[in-house]
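Please put together the full structure from these sequences, using the hints given.
As they're listed, the protein sequences go chains B and W.
The numbering used here numbers the first residue of the first sequence as 452 and each following residue consecutively.
The numbering used here numbers the first residue of the second sequence as 90 and each following residue consecutively.
For the record, the hints were derived by calculation from the structure and aren't laboratory data.
Watch out, some of these pointers could steer you wrong.
Computed footprint of chain W on chain B, listed as stretches where at least three residues anywhere in the stretch have a Cβ under 8 Å from a Cβ of chain W [stated by the list, open to error]:
1. 570-583
2. 606-613
Within a straight-line C-alpha distance of at most 20 Å, the following computed PhoX-like cross-link-like pairs (lysine-lysine) qualify [unchecked claim]:
3. W/Lys680 with B/Lys605
4. B/Lys605 with W/Lys684
5. W/Lys703 with B/Lys482
6. W/Lys703 with B/Lys605
7. W/Lys624 with W/Lys541
8. W/Lys493 with W/Lys642
9. W/Lys470 with W/Lys541
10. W/Lys642 with B/Lys605
11. B/Lys605 with W/Lys687
Even glycine gets a Cβ: it sits at the ideal position worked out from N, Cα and C.
What follows is each chain in one-letter form.
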Amino acid sequence: MDSSGSNMVNIFDIYRRYCDIRSRSGHEGAKEELNLLLKLIESKRMMGFLSLNSIFDELHGLMSHLDLMAGSFQFTCFYGFVFFMCRENGQRNITISKAITAWKLVLSGRFRLLNQWCDFVEKHQRHNISEDTWPQILAFSRCVHEDLEGYDSKGAWPVLIDDFVAHMYRITRSNSCSSLNILLKCGDPKVQSCISDDA
Amino acid sequence: MDRQVIMLDHGWGLMQTGTTKLIKILEGDWVRAREAVIALINQEREGVQIDRALLKNVLAIFVEIGMGNMECYLNDFEAEFLSDTAGYYTRKASNWIQQDSCPEYMIKAEECLKREKDRVTHYLHSSTEEKLIEQVQEQLLSKVSQQLLEKEHSGCYALLREDKTEDLTRMYNLFSKIPKGLDPVSLMFKQHVTSEGIAMVNQAEEAANSRKENRSVSSGSQEQMFIRKVIDLHEKYMLYVTTCFAGHTLFHKALKEAFEVFCNKVIAGSSSAELLSNFSDNILKKGGSEKLDDDVIEDTLDKVVKLLAYISDKDLFAEFYRKKLARRLLFGTSANDDHERSILSKLKQQCGGQFTSKMEGMVTDLQLAKDNQSEFEEFQKINAHPGIDLTVTVLTTGFWPSYKSLDLNLPAEMAKCVEVFKEFYQTKTKHRKLTWQYSLGTCNVVGKFQKKPIELVVTTYQASLLLLFNSSDKLTYSEILSQLNLSDDDVVRLLHSLSCAKYKILAKEPNTKTISHKDSFMFNAEFTDKMRRIKVPLPPVDEKKKVIEDVDKDRRYAIDASIVRIMKSRKVLPYHQLLSECVEQLSRMFKPDFKIIKKRIEDLITRDYLERDKDNPNTFRYLA
Numbered sequence: 452m453d454s455s456g457s458n459m460v461n462i463f464d465i466y467r468r469y470c471d472i473r474s475r476s477g478h479e480g481a482k483e484e485l486n487l488l489l490k491l492i493e494s495k496r497m498m499g500f501l502s503l504n505s506i507f508d509e510l511h512g513l514m515s516h517l518d519l520m521a522g523s524f525q526f527t528c529f530y531g532f533v534f535f536m537c538r539e540n541g542q543r544n545i546t547i548s549k550a551i552t553a554w555k556l557v558l559s560g561r562f563r564l565l566n567q568w569c570d571f572v573e574k575h576q577r578h579n580i581s582e583d584t585w586p587q588i589l590a591f592s593r594c595v596h597e598d599l600e601g602y603d604s605k606g607a608w609p610v611l612i613d614d615f616v617a618h619m620y621r622i623t624r625s626n627s628c629s630s631l632n633i634l635l636k637c638g639d640p641k642v643q644s645c646i647s648d649d650a
Numbered sequence: 090m091d092r093q094v095i096m097l098d099h100g101w102g103l104m105q106t107g108t109t110k111l112i113k114i115l116e117g118d119w120v121r122a123r124e125a126v127i128a129l130i131n132q133e134r135e136g137v138q139i140d141r142a143l144l145k146n147v148l149a150i151f152v153e154i155g156m157g158n159m160e161c162y163l164n165d166f167e168a169e170f171l172s173d174t175a176g177y178y179t180r181k182a183s184n185w186i187q188q189d190s191c192p193e194y195m196i197k198a199e200e201c202l203k204r205e206k207d208r209v210t211h212y213l214h215s216s217t218e219e220k221l222i223e224q225v226q227e228q229l230l231s232k233v234s235q236q237l238l239e240k241e242h243s244g245c246y247a248l249l250r251e252d253k254t255e256d257l258t259r260m261y262n263l264f265s266k267i268p269k270g271l272d273p274v275s276l277m278f279k280q281h282v283t284s285e286g287i288a289m290v291n292q293a294e295e296a297a298n299s300r301k302e303n304r305s306v307s308s309g310s311q312e313q314m315f316i317r318k319v320i321d322l323h324e325k326y327m328l329y330v331t332t333c334f335a336g337h338t339l340f341h342k343a344l345k346e347a348f349e350v351f352c353n354k355v356i357a358g359s360s361s362a363e364l365l366s367n368f369s370d371n372i373l374k375k376g377g378s379e380k381l382d383d384d385v386i387e388d389t390l391d392k393v394v395k396l397l398a399y400i401s402d403k404d405l406f407a408e409f410y411r412k413k414l415a416r417r418l419l420f421g422t423s424a425n426d427d428h429e430r431s432i433l434s435k436l437k438q439q440c441g442g443q444f445t446s447k448m449e450g451m452v453t454d455l456q457l458a459k460d461n462q463s464e465f466e467e468f469q470k471i472n473a474h475p476g477i478d479l480t481v482t483v484l485t486t487g488f489w490p491s492y493k494s495l496d497l498n499l500p501a502e503m504a505k506c507v508e509v510f511k512e513f514y515q516t517k518t519k520h521r522k523l524t525w526q527y528s529l530g531t532c533n534v535v536g537k538f539q540k541k542p543i544e545l546v547v548t549t550y551q552a553s554l555l556l557l558f559n560s561s562d563k564l565t566y567s568e569i570l571s572q573l574n575l576s577d578d579d580v581v582r583l584l585h586s587l588s589c590a591k592y593k594i595l596a597k598e599p600n601t602k603t604i605s606h607k608d609s610f611m612f613n614a615e616f617t618d619k620m621r622r623i624k625v626p627l628p629p630v631d632e633k634k635k636v637i638e639d640v641d642k643d644r645r646y647a648i649d650a651s652i653v654r655i656m657k658s659r660k661v662l663p664y665h666q667l668l669s670e671c672v673e674q675l676s677r678m679f680k681p682d683f684k685i686i687k688k689r690i691e692d693l694i695t696r697d698y699l700e701r702d703k704d705n706p707n708t709f710r711y712l713a
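Dropping the structure here:
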């Protein structure tokens, strides 16, 4: 539908296109367009570009060029884009190992429980991370505090997040207060200020 | 005429002045009169004989003076009287509560209330009754209710513990009249029943543990006892509810909630749903527990069904029950067809037609199978008879529990029978597919032992194994395995039942208690028994795990269906509302876990039935 598609090799172009589709509200069309974009990426991969092996280097490069304010639409869009780029063979979920690498890349300094979260997922999750769960984790990272305050146990969080919170409660309870202190130290003070800004 | 009018006016005037005068006269003594009346009443309360007629007259003046207006009686007498009464009974209450036990106190309170009512009928104005009684109840009951009910050695718990039904009835009667008076009583009742039930659970658990230590095999009977005890407990306290507590809804609710607590505990690894289905199996099968006559059985079945109401995993009960029912029907161990039908109709009444449809289908299948069998016998008379008598029970797949069907290599004799039946069935229907379940079959074979021939009642599997020895004297384990084409587990189980258990029809080399893959087997020609016909039991494999897995799978489907049904009609729904509607819809069958519902929602999202609202992640939308 668009001639520019054929010469789009570079991740910057794809990202621009992705954001463009996402920012237009029309839902039905957006889905279709994203699928087209995905097909395009697949065909590039067949030709040896945008290989999944080096995808994180590319994303890292892209990220360093973008001015991503935490909590901004741009950041949400980029977060979604990471998932989009990690998808394989048209699947709608991504593997645990990819997800963990991706979180460490994008959420570093933005999620105060990032290390605990990644450890937990690595040890306890068996299934891939779904398209629905992915954005929920960004939302969770934004609202939760290191003492787990801000998490509403009655909310519709994905089970993975519920399990993580239960797991954290177990740890903090068994290690009594000492581990809570460690948790507090994990939080980077710079990040805290930046998260509380967007609250 | 004129004079007459004046006269009348004058007369009226006179009367009015008369009363005002009387009021004036009384004014000074007004307070004194009132105090005298109250003092007299208090004397009577203490048991002194007083002049009731006098009091009645004096109080009548208070009323009359108002000339149709009660103000005088109300303000100048009643208000003061009521506050004095309050004071009187406050003092009484504080004394009695110290010195009396709860039943004694209640008797006194009851007596006081009766006397006060009596007082109203004799000399007080009838409008006072309600206020007076309210005041006495307030002082004697409401204000001390907690202290009274919680008396350690005689309070509500003690009365329940000691089965003081008369006192409990009195308690109900007294407290039912005061606002919210029954709340604490029903709460205590609930707690008492709960703790009795929990004690039973713990007792059963301990018994199971000690049995494990002693390694005695007589499991089951303890669990049977437990269900029996729960039934008795229910009967006992249901009687309390209907008699002592006059069938008040608060107490029905309390009983229900108490039973729901301990009826859903797991006892020695078994859910109560399983125990209850085992219990009913024991009643319904031949030679089950003790010999009971028909009325007792009917009554017990009634109680089983009642108890089921408290169990949240009704689907689990249904699955276990179906397994047991299948065994009873197929192995002919059901004691009485009427009882089978009766419990199904009771279950149907309580849990709905959907709950019992499969079970009813099973019973009907068996009825149809009998007709089918006689037709088959006719067919065999006309056509070729295969040489051995064969009975086939044709079952409808959906009604019965699922069994794994294995490709057992049938002995040639039996295979021939199967062919004849297939031929017969072809003549009846064209489009039905028969799947043979040899694992559920029974065979009667004759063993030609040296001393005497003995008829052996065995399963089809056992019989197939035995028939191998018609053509070989000695077979190794692996030969048997390959000739039968069964799994290792099954072959071990079969060989154990024939060579290591009570009846040693096969001799084993080496002669040990367990089956090893290196063993070999021979027909034990020296075997004999005092009976001419023996049943060689094959212990059934434990199906518990499979039943639970099946139920879990069914639950996932049920939750999916419920969510889709709800969302289809609502289109957009917040999470917590979806959750509560889903729980509500499914509560008749089981109590779904929140986490499982959440997982199902996530699954439905990935399958494009639902999506999360973009702006509000706590809301879901239905995708048509």
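Hints, verified against the model:
no. : hint                   : result
1   : 570-583                : holds (count 3)
2   : 606-613                : holds (count 5)
3   : W/Lys680 with B/Lys605 : holds, 18 Å
4   : B/Lys605 with W/Lys684 : holds, 11 Å
5   : W/Lys703 with B/Lys482 : holds, 14 Å
6   : W/Lys703 with B/Lys605 : holds, 19 Å
7   : W/Lys624 with W/Lys541 : holds, 16 Å
8   : W/Lys493 with W/Lys642 : holds, 17 Å
9   : W/Lys470 with W/Lys541 : violated, 32 Å
10  : W/Lys642 with B/Lys605 : violated, 26 Å
11  : B/Lys605 with W/Lys687 : holds, 11 Å
Checked against the numbered hints above, the structure violates hints 9 and 10; every other hint is satisfied.
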